[in-house]
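Generate coordinates for the entire structure from the input sequences, incorporating the hints supplied.
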Amino acid sequence: QKEVEQNSGPLSVPEGAIASLNCTYSDRGSQSFFWYRQYSGKSPELIMSIYSNGDKEDGRFTAQLNKASQYVSLLIRDSQPSDSATYLCAVNTSGGSYIPTFGRGTSLIVHP
Amino acid sequence: DAGVIQSPRHEVTEMGQEVTLRCKPISGHDYLFWYRQTMMRGLELLIYFNNNVPIDDSGMPEDRFSAKMPNASFSTLKIQPSEPRDSAVYFCASSFGSSYGYTFGSGTRLTVV
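So the sequences go chain by chain: A and B. Sequential numbering of the first sequence, starting at 1, is according to my numbering. Sequential numbering of the second sequence, starting at 1, is according to my numbering.
In case anyone wonders, no lab produced these hints; they're calculated from the structure. The model shown is predicted, which means the values in this text are computed figures rather than measured ones. Glycine included, every Cβ here is placed at the ideal spot set by N, Cα and C. Hints are supplied without guarantee of correctness; some may be wrong.
One-sided and incomplete, this derived list gives chain A residues near chain B with beta-carbon spacing under 7 Å [unchecked claim]: (1) 32; (2) 43; (3) 44; (4) 99; (5) 102.
To give an idea of the interface, some chain A residues facing chain B are shown, with a C-beta separation under 7 Å as derived from the structure [said to hold, decoys possible]: (6) 34; (7) 98; (8) 104.
Here's what the structure looks like:
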């Protein structure tokens, strides 16, 4: 069973702080990694993808990938109340289909 | 592009009735996915299609569920007969290639009473 694990939270951070969301995966052959944001009552929205080790920055978001340790992180700098949402990690499994497995998500609350 | 379009947005039905959920993927996308989301189980993949052909339906919970994709611009997920435990939000998503991120539709919130 190929698994993607996230702490369900909630993770509570003050406005302006850095929020750090973590995700571990079991399939060592995974090659594609995604972060989705899901507001309450809405559908998941792709915000970041990363395919190689290291950091990838997009505005206030930074995705970090460490394949040796099998984890991927999402950092949100200068957190805003509008960032309050559930963040889903998705990891493409190896073995032919490359269909992502989703984690259960981490709830983030940014308080003013 | 209008994105992935799902209908209806909400569906309330009585146990035993047939339910049909509809999805129009983004034009040009060759993969279509049906997911179910509940608090208990999170986001579960039910079935996915590549170029209108069902590839993996191992996530379909039982024979009461069926899905079709008669052409590149339309797919349905049918539940017959429906049961209260089918109550969930059902999402359709599409992508160009399987190794890239998905675009999700707005979802259908199904309540079976």
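Here's how the hints hold up against the structure:
1. 32: OK, holds: residue 32 (chain A) within 7 Å of chain B, min 5 Å.
2. 43: Hint on residue 43 (chain A): holds, closest Cβ of chain B at ~4 Å, below 7 Å.
3. 44: Hint on residue 44 (chain A): holds, closest Cβ of chain B at ~5 Å, below 7 Å.
4. 99: Holds - the Cβ of residue 99 (chain A) comes within 7 Å of chain B, reaching about 6 Å at its closest.
5. 102: 4 Å, holds
6. 34: Where the cut-off is 7 Å and the nearest Cβ of chain B is about 5 Å from residue 34 (chain A), the hint holds.
7. 98: 5 Å, holds
8. 104: 4 Å, holds
Hint compliance for this structure: every hint is met.
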